Every structure is written in C-alpha cells, then in structure tokens.
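Asker: Fit the two chains together into the complex; they arrive one by one in their own frames, and the hints show the way.
Same order as they appear, the protein sequences are chains A and B.
Every position in the first sequence, counted from 1, becomes a number in my numbering once 14 is added.
Every position in the second sequence, counted from 1, becomes a number in my numbering once 47 is added.
All clues given are correct.
In the DSS-like style, the derived pairs of lysine-lysine whose C-alpha atoms are separated by at most 25 Å in a straight line are:
#	chain 1	residue 1	chain 2	residue 2
1	A	Lys109	B	Lys105
2	B	Lys115	A	Lys69
3	A	Lys98	A	Lys61
No lab work stands behind these hints: they were computed from the structure.
Note that the structure is predicted; figures quoted are calculated from it, not measured.
If you want the building blocks of each chain, they are given just below.
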Amino acid sequence: MRMYETIFIADPDLQDESRNTLFEKFKGILGQEGGILANFDDWGNRKLAYEIARKSRGHYVCMTYGGTGPLVAELERTFRLDDKIMKYMTILLEKEIDPEALQLQIDAEATAKSEADAAKANADAEAAQSEKVAQAAEAEKVAETVEPVTQEDEEEEN
Amino acid sequence: MTFQKRTPKKRFFQRRKVCRFCADSTLEINYKDAKELRSFITERGKIIPRRITGTCAKHQRVLSTAIKQARTIALLPYVGKLS
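Next up, chain B with everything else stripped away, as it sits in the complex (with noise of 0.2 Å):
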C-alpha cells in the first residue's frame, strides 16, 4: 500500500481504495470462479475484510456468501496450508 506524507505534524493518509465490482461493473461474483475469488482470501483461506480489501459493503456481502459457496463445494479451502 502506498502512504502519503500530507502534514507536516507525520499523518498519514492512505490513498483512497475503491471497490473492485463498483469500478468495474462487468465483473460479476460468481461462486464457480475460484481463480477470481482466490484474491479475497488469505493464504490460510480466511476471507479477507474489507477494510484491507476496499469492497464496498454491498459486494462484500455477495463476495463472502459466494465464498463460502466455494468452500462448501471444495473449490476453496476451509483452512489454507501454508506454503
């Protein structure tokens, strides 16, 4: 993540994440496409939230639904193995 100084006081302010979905509104959250939904998951299969992530909360909520969708049909892991 890339910070920016602005003050002289040394506050940082990050630079402003915009959701994924939002910007691009052809990408669609499907639960089969595990490939896509690999990148808002950490290496240990938690989902990762959206403060890191900058999805909007409407997204997230499809995206964590479609998630677990994936994990129940093992597309994608319950619990990640470190590599």
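Next up, chain A with everything else stripped away, as it sits in the complex (with noise of 0.2 Å):
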C-alpha cells in the first residue's frame, strides 16, 4: 500500500450542504476501493494565485490517505467528471507502508486528539477557575490601595 496525498479545489459557490455530500462521496470512493483515510483537510475558501474557469476563489481540501494505484485513479476519474471540482492534484508521499500500522497511528492519533481535548477542557476550566481567584485576589488588593489613597485626600481636605 502506498501512502498519497490528494488535494483539490472544490467550486467555491457551493452550498454547504451539496459540498458535505461531495465530500462524502469522495470518502466513500476511498472506502470501496479498500483505501484508508488518515486525514481530511478543508482549508476553506482560498484566493487562487491564478484563475481557473474564471473563478479567482475555490474551496481547497486537502487528504492524505493509503491506497493503490487503482483507487488513485478512480478517485481521479470522478475528479474529471464532476464539474464541481476545478482541479486537483495527487502527490506520492510513501512508496510501502504497512496498512495496519497505518491504521494503529490513525487510531492512536485519534485518541491522542480526544485526550488533549479533555486535557484542554480540564485546563480551562482550572484556568477559569484560578482567574476567578485570581480576580478575587485583586479585587481586595484594589480595595486596600483604594483606602489609602482617600485617607490621603481627607488628610488634604483638612
């Protein structure tokens, strides 16, 4: 199996919901022709240096996925079939990986990412938390500067 990189430039006045549905299909291609996908990319919409079909935006995606030549050229085929695509671009980035091991560090990654979410989500929560204190804190602070200061102007006004 080989590792490829995929990206292409979707039509940039599509629905949201005719794009997911786009989308879905190119996963799906990858799924019958026995790929893997390991990461799926929506960078949005983009200008493009140049323009093509007289457009001068388009929506990139970029995938990295494992597959063979077959499914390469298939997922290219549909590419060429759907006018809603303006170009793409397929780019070899491994020669021989292991399917499996490929599978274990998507799995891996997976759960690395809803870890460091939750990891994230304690560490806001502790953040607000501190903050909080932290407010407090100063609060009393402004409050003990504070009450000098008008001794100070009632020493004056004497």
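Answerer: See the structure below:
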C-alpha cells in the first residue's frame, strides 16, 4: 500500500449541504477501493494564484490516505467527471506502508486528540477557576490600595 | 547584498551566502506553504537561481519541485503580475 496526498479545489459557490455530500462521495470511493483515510483537511475558501474557470477563489481540501494505484485512478476519474471540482493534484508521499500500522497510527492519533481535547477542557476549567481566584485577590488588593488614597484625600481636605 | 573591499586592485568579494535550509534544519520545504516559497520566486513568478539565493544544490532541487507543485494547485502563480 502507498501513501498519497490529494489536494482538490472545489467550486467556492457551492452550498454547504451539497459540498458535504460531494465530500462524502469521495470518502465513499476511498472506502470502496480499500483506501484508508488518514486525514481530511478542509482549508476553506482561499484566493487562487491564477483564475481557474473564470473564478478567483476556490475551496481547498487536502486528503491524506493510504491506497493503491487503481484507487487514485478511480478518484481522479470522478474528479474529472465532476464539474464542481475545478482542479486536483495527487502526490505520492511514501511508496511502501503497512496498512495495519497506518490504521494503528490513525487510531492512536484519534485517541491522543480526544485526550488532548479532554485535557484542554480540564485546563480551561482550571484556568477559569484560578482566574476567578486571581480576580478576587485583585479586587481585595484594589480595595486595599484605594483606602489609603481616600485617607490622603481626607487629610488634604483637612 | 553587501560587498567587501579586500585588495587595492578594486576586486570585490561577495559575502558567502549560506543555504537557509542547511543552516536551520527545522525548516522544511513544503509545497503547501506558499508564503515561505514566495521568497524564492520573483515578482514575475520565476524561480530565483541558487547563485542569487545561496541555497545549496540539494535543497534547490527540492525547492523547485515544491514551487512547481504549488503552481499546479494554484497556490503560486505561473506568471505573476507586476505591481
């Protein structure tokens, strides 16, 4: 199995719904042909360096996956048939990969990500709490500092 | 570029340029990083030769491929407009 990376530029004027069905279609082809999707990166609308089909913007999507030659051929054939795809490019990242190792790596990344999210949520909660404490402490400090000033003012007035 | 006067015969020596990617091994050449690649193409969109930028042969090869890939997917222009 080989590691590929495909970038394709979709029509920027598509509705979210039809765009999602379009992406699902490609993911389906990946699954049918025995590919393993490692990463699906949606870059969103970007400005193009040159006009394609009289459009100066495009919706970029970058897919990283493990697959075989026929899979890439099939994917590119559907890209060419679909007029919602303005341009595509496939790049070979690695010539020999172990599908099981790749699957393990994806799973590990997924768990790491969920753990990181959980840790981040915890950290956020803690940070919010400590912030509250800090705010309270600051409020006390402010109260302390304010008092002497008022005393001075009173003295001046006297 | 800075020129240094060395001999009275008015010969100019250019300061030796170092390959940016050899000097900093954390820098990676990636065709998706159009911002980084822009410093290696002219305003017209041409690839700057390595005698100007000082990039080493190995990295210039990788760089030129990356620029060409970025052009294919419209991250970099084939022909830039003069501003």
